[in-house]
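Undergrad: Sequence:
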Amino acid sequence: MQRQEFDRAREQDLNAKRQREEEEIKRKQEEEKLIKESTKKEEEKKYKKKSLPAEPDASDPNACEIAFRLPSGKRITRRFLKTDTIQALYTFIGLSAESELGDGNYEISQAIPRKIYANMQASLEEEGLVHKAALQVAHIESDDQ
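Everything in the sequence shown is counted per my numbering, starting at 103 for the first residue and increasing by one.
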């Protein structure tokens, strides 16, 4: 009888030890995954910063001053060249308002007349954004939510 109790207790201890080891392995894997994701995000951010065109001087005749109104109501202003693409606007907003927008989807639009800027390869000039413009940044719902 004592032998059976001893064997059961030993088996329970071994099972508990295995479970702790499996949980530790799982925790380490999750930790490594978070580190990789964080590193990937930092690398993406560095790439975006490098790809963002330099801000032209206010006296540049090809400069266009864009004021962005974020969902919170905060306003961010920056100059771009009229030859810069719409992608540059999205890159700038992604970097400047990262804490507010997170990894979420957003769109840049003009209120009146209503126009959403979605052609990433179009230049600001092609989209009619010359000299000065006031644009809105809004969250958009993705289909998988």
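Hints are computed from structural coordinates only; laboratory data are not their basis.
There may be inaccurate statements among the hints.
Here are the in silico distance ranges between beta carbons for each label pair [claimed, not checked]: (1) Lys147 x Ala220: 46 to 56 angstroms; (2) Glu107 x Glu145: 54 to 64 angstroms; (3) Leu197 x Arg122: 41 to 51 angstroms; (4) Ala160 x Glu243: 15 to 25 angstroms; (5) Glu132 x Ala156: 45 to 55 angstroms; (6) Phe108 x Leu136: 37 to 47 angstroms; (7) Lys130 x Glu227: 49 to 59 angstroms; (8) Arg171 x Val232: 18 to 28 angstroms; (9) Ala220 x Leu116: 52 to 62 angstroms; (10) Gln189 x Leu116: 52 to 62 angstroms; (11) Ala156 x Ala240: 26 to 36 angstroms.
The beta carbon of each residue, even a glycine, is placed where N, CA and C say it ideally should be.
Undergrad: CB of Ala220 to CB of Leu116, is that within 52 to 62 angstroms?
TA: Between Ala220 and Leu116, where Cβ atoms are some 60 angstroms apart, the hint holds.
Undergrad: Would you say the C-beta atoms of Glu107 and Glu145 sit inside 54 to 64 angstroms of each other?
TA: For Glu107 and Glu145 the Cβ distance comes to about 57 angstroms; the hint holds.
Undergrad: Between Ala156 and Ala240, does the C-beta distance stay in 26 to 36 angstroms?
TA: 27 angstroms, holds
Undergrad: Could you check the hint for me, namely that Phe108 and Leu136 are 37 to 47 angstroms apart, CB to CB?
TA: Holds: the Cβ-Cβ distance is about 42 angstroms, inside 37 to 47 angstroms.
Undergrad: Okay, Glu132 versus Ala156 on CB: inside 45 to 55 angstroms?
TA: With Cβ atoms ~40 angstroms apart, the hint is violated.
Undergrad: Starting from the range 46 to 56 angstroms, see whether the pair Lys147 and Ala220 falls in it by beta-carbon distance.
TA: 23 angstroms, violated
Undergrad: Range hint 41 to 51 angstroms: satisfied by the CB atoms of Leu197 and Arg122?
TA: 43 angstroms, holds
Undergrad: How does the Cβ-Cβ distance of Lys130 and Glu227 compare with 49 to 59 angstroms: does it lie in that range?
TA: 53 angstroms, holds
Undergrad: Hint says 18 to 28 angstroms; check whether the CB-CB distance for Arg171 and Val232 agrees.
TA: For Arg171 and Val232 the Cβ distance comes to about 19 angstroms; the hint holds.
Undergrad: Is the hinted range of 15 to 25 angstroms satisfied by the C-beta distance from Ala160 to Glu243?
TA: Given about 37 angstroms between the Cβ atoms, the range is violated.
Undergrad: Taking the Cβ atom of Gln189 and the Cβ atom of Leu116, is their distance within the range 52 to 62 angstroms?
TA: 58 angstroms, holds
When each numbered hint is compared with the structure, violations occur for hints 1, 4 and 5.
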